[in-house]
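Undergrad: Based on the sequences and whatever the hints tell you, model everything.
Chains as they are written, first to last, in numbering that gives the first Met the number 0: chain A, 0 to 342; chain B, 0 to 613.
By construction, these hints were calculated from the structure, which means they are not laboratory data.
Predicted model only: the values in this text are computed from it and were never measured.
Note that the Cβ used here is the ideal one computed from N, Cα and C, for glycine as well.
Incorrect hints may have been included.
To be verified - Derived list of chain B stretches under chain A, where covered just means 3 residues or more per stretch with a C-beta under 8 Å from a C-beta of chain A:
1) 99-113
2) 243-250
3) 253-265
4) 415-425
5) 460-469
What the hints assert, rightly or not - Here are the simulated SDA-like pairs of lysine to any residue, each with C-alpha atoms no more than 25 Å apart in a straight line:
6) K48(A) <-> T155(B)
7) K113(B) <-> T155(B)
8) K323(A) <-> Q436(B)
Claimed, not checked - Interface residues of chain B toward chain A, partial, derived using beta-carbon atoms under 10 Å:
9) Q180
10) P230
11) I236
12) V282
13) F285
14) A297
15) T454
16) G534
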Amino acid sequence: MSETIQQTASEKLTVKDFQSDQDVRWCPGCGDYSILAQVQRVLPEFPHKKENFVAISGIGCSSRFPYYLNIYGVHGIHGRAPAIASGVKLANPKLDVWVATGDGDGLSIGGNHMIHMLRRNLNIKVLLFNNQIYGLTKGQFSPTSVLGQITKSTPMGVIDSPFIPVSLALGAQATLVARTMDRDPKHLQEMVRRAELHHGTSFVEIYQNCNVFNDGAFFRFTEKESKDDNIVYLNHGKPLVYGKDRSRGVRLNGFTPESVSLVDGKYSVNDLLVHDEKDSTLAFILANMIHNPDMPRPMGVFLAVENPTYEDQLDNQIARAKSKKGEGDLQKLLDGEETWMIQ
Amino acid sequence: MAKTVKTLDEVTIRFAGDSGDGMQLTGTQFTNTVASLGNDLSTLPDYPAEIRAPAGTTYGVSGFQIKFGSTDILTPGDACDVLVAMNPAALVTNTKILRDGGTIIVNEDAFTEKNFKLAGLTKNPLDDPSLGKYIVHRVAITKLTTNALADMNLSTRFVDKTKNFFALGLMYWMYNRPLDQSIRFIQEKFGGKDTQIAEANLRVMKAGYNYGDTTEVFTTRYDVKPAKLPPGKYRNIMGNVATALGLVAAAKRSGLQLFLGSYPITPASDILHELSKLREFGVKTFQAEDEIAAVCSAIGASYAGALGATTTSGPGLSLKTEAAGLAIMLELPLVIINVQRGGPSTGLPTKTEQADLLQSVYGRNGEAPLCVIAASTPADCFEAAYEAARIAVKFMTPVICLTDGYLGNGAEPWRIPNVEDLPEIPVLFAKDPGTFQPYARDEKTLARPWAIPGTPGLEHRIGGLEKQHITGNIDYDPENHDFMISMRAAKIERIAQDIPVQTLEGEPTGDILVVGWGSTYGAIKSAVTSLREKGRKVTQLHLRYINPFPRNLGDLLKGFTHVLVPEINKGQLISLLRAKYLVNARGFNVVKGLPLRAEEIEMHIESILGGNHV
Chain A
0 MSETIQQTAS EKLTVKDFQS DQDVRWCPGC GDYSILAQVQ RVLPEFPHKK
50 ENFVAISGIG CSSRFPYYLN IYGVHGIHGR APAIASGVKL ANPKLDVWVA
100 TGDGDGLSIG GNHMIHMLRR NLNIKVLLFN NQIYGLTKGQ FSPTSVLGQI
150 TKSTPMGVID SPFIPVSLAL GAQATLVART MDRDPKHLQE MVRRAELHHG
200 TSFVEIYQNC NVFNDGAFFR FTEKESKDDN IVYLNHGKPL VYGKDRSRGV
250 RLNGFTPESV SLVDGKYSVN DLLVHDEKDS TLAFILANMI HNPDMPRPMG
300 VFLAVENPTY EDQLDNQIAR AKSKKGEGDL QKLLDGEETW MIQ
Chain B
0 MAKTVKTLDE VTIRFAGDSG DGMQLTGTQF TNTVASLGND LSTLPDYPAE
50 IRAPAGTTYG VSGFQIKFGS TDILTPGDAC DVLVAMNPAA LVTNTKILRD
100 GGTIIVNEDA FTEKNFKLAG LTKNPLDDPS LGKYIVHRVA ITKLTTNALA
150 DMNLSTRFVD KTKNFFALGL MYWMYNRPLD QSIRFIQEKF GGKDTQIAEA
200 NLRVMKAGYN YGDTTEVFTT RYDVKPAKLP PGKYRNIMGN VATALGLVAA
250 AKRSGLQLFL GSYPITPASD ILHELSKLRE FGVKTFQAED EIAAVCSAIG
300 ASYAGALGAT TTSGPGLSLK TEAAGLAIML ELPLVIINVQ RGGPSTGLPT
350 KTEQADLLQS VYGRNGEAPL CVIAASTPAD CFEAAYEAAR IAVKFMTPVI
400 CLTDGYLGNG AEPWRIPNVE DLPEIPVLFA KDPGTFQPYA RDEKTLARPW
450 AIPGTPGLEH RIGGLEKQHI TGNIDYDPEN HDFMISMRAA KIERIAQDIP
500 VQTLEGEPTG DILVVGWGST YGAIKSAVTS LREKGRKVTQ LHLRYINPFP
550 RNLGDLLKGF THVLVPEINK GQLISLLRAK YLVNARGFNV VKGLPLRAEE
600 IEMHIESILG GNHV
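TA: Shown next as structure tokens:
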């Protein structure tokens, strides 16, 4: 990263620098407020100067996000943020490009752009606000709504099998895949940090409560009384321990993860699955735990691997072409190979 | 035996064969050779949408037509003087465009029962009495090719693939063209890796040439003197290549990086191919996952300070419409090249049409004006693409540049411009946080400032929601919306002050004004020139700028008794002209997937004038 775009100590940025002058217009109590606050808190930690941050979004509640950050931003069209962001990043790879999207924007109308951006591995950071509902259009089901969910457009229940965003991102060969929650500010901040530090496309799914159209969709994972027994934090090199009093763990039985007690004497911490965020096979196994209602929901970084980024490879091709053929000479190009003179 | 040499002013030749027979290569080689001898020329590749349709069938026939001459060549020719037919299917599908008394050269060896069947024929078409009005040369091209390569131990399949070079060599002999250019081509293309292929193709081409020279069948060869073109340095160029070069030149002259977001689509893909070869110019090409991502990535690149461009054809333009609307709202430069093809829907992917004009001018939700311009000849694609970029940058607007399949794949000699003579494209990025407002406007152009990420102190947000005048903040105020709609329209209208006034070819008054746009230029000019030579009071007006129209257009339309608008659509430009100028224009509309024929236009003009003359 070039030095010219980095802050110096004297111009240390604060949360305030990232707050725009626009009134935030999300519904009171919306989970989006927390996401905005955590991002505004974390961005000043990064070494970039403020003018090098760019946020791109599509359409939906989550896509209003760029308006509230005092950085460069484009509020684009429905589903197309990954494509717009790709153009921004390719035109100027020095920019720190973020995409704010939702389950409808990013996985339904924009699903194609999302998977292709992920496989290309541009250094773009995606925050996917998943509230399992269409909020801005007032309450239709989304591609992550659960089977049977009653919504405005499914009065008898959803019959579409939902996407698991983490599985989708892994399948699309994303190089950093994480899950976090709006109601866990510290963890959310940490995941935003991981996204920023990753060189490649980062995909962070954020469970976000829509208190108007789908209130409590994630309470099992976010509320004090149920949280401990229903989520397991993923930490690289650490065993998967969870539960009240850390009394349970996840072990692998063949390729199948199972939840075991750590207090009945049968298993100890040493028997548990140890997380390895470099292991893509393990990442898929963890992502698929969602299908078993007895298993806790993993939170954290599923996968973080380094692969060459698209923009680095493109710039590399340009450098190679220039070193082989020299800087392009326009007149020579126009002349082509066969010319003739007419007097 | 002595052979006579006749000098001709112009000749039209059509090479026709199976899709796998290499007719496009043969035609291109012949084109490059006649171009390098200083002939003016125009070409028309005519190939099927299927890559390799079943061999021998009529729908698998691929053709390449070239007209060249010592005169001003404006079209690829209404009728051919010579047809080279490599099989029965090629013969039966192409004889109708041969002029009476024209010459047919067939590969006799391909006229077999099997091939008659494949072409859906019950008997040998060479026996058809209707061929009596042509001069038919039956040449055993396959056998002669095999003989030429007898000592090389090559497979039949391989030998078969070289026979197009026999036809090429024979045509070179017939039209007194040297083999040098094609020899060089063969050596460069095949010489490096497989000298056997190069050797075989060279031998076969020479065999074709010598066959013409030595057999007594061909008694006459023809010569076509160089054309009297304006002085300068020339090259032969295809429209799609010219478009690509226009974009590169505009980027270079503006100091911007060229970013092309594109999705492969016939007949536009060659522009992507050309630009992807130019990494040493810093050109960034991005083959996106679809048409929408292609245009959106170009918008993102423009936002970040590059010259964002996207290339497509009709169905792709449909997919890009929402994003074009976004670019109108964001007021960012964007060049959209639409190489039009036959529609609607998938339509005729490899054929030409002008039916996307209204889509280009109007095809977006809301009041969404943008600039629309059109190229008129293959070489003119360079200037059109360059001009599209110039306007896009100066007025901070998307510009749709229309070419079409005929222009994109067609070729003609191009007088190469000097880079220093190209119009300037100044770029001023906003820098001053003290005065910056995202939607403040330049007094003259009404363009907003281009403030790119990375500029300290100018952090701002823009989007597709209606925005407040000056600040660019989201604004739902009714008065502001009405104001902004008018402002966006006024900005596009201001372009009319920046572009040249419309010129006429002919007198400013007369019996009939023929108004065209795009690739019909050559056909209309041929028709008008011919009528003017006969003393008819006909004038031609050909539009580059369609939205906005040139500022003097309304006045020019008034000087004529009749206004005729020939188009390869059902009357799209004419509806714009009628709506804007209340002019009583009439259309001439033929939509066959082919260029208009000069002769048809001429007859139509005559029929209108007939009221006065006959």
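Undergrad: Please go over all the hints and tell whether each is borne out by the structure.
TA: Hints versus structure:
| no. | hint | in the structure |
| --- | --- | --- |
| 1 | 99-113 | violated (count 0) |
| 2 | 243-250 | holds (count 3) |
| 3 | 253-265 | holds (count 3) |
| 4 | 415-425 | holds (count 4) |
| 5 | 460-469 | holds (count 5) |
| 6 | K48(A) <-> T155(B) | 68 Å, violated |
| 7 | K113(B) <-> T155(B) | 17 Å, holds |
| 8 | K323(A) <-> Q436(B) | 44 Å, violated |
| 9 | Q180 | 7 Å, holds |
| 10 | P230 | 5 Å, holds |
| 11 | I236 | 7 Å, holds |
| 12 | V282 | 8 Å, holds |
| 13 | F285 | 6 Å, holds |
| 14 | A297 | 6 Å, holds |
| 15 | T454 | 6 Å, holds |
| 16 | G534 | 31 Å, violated |
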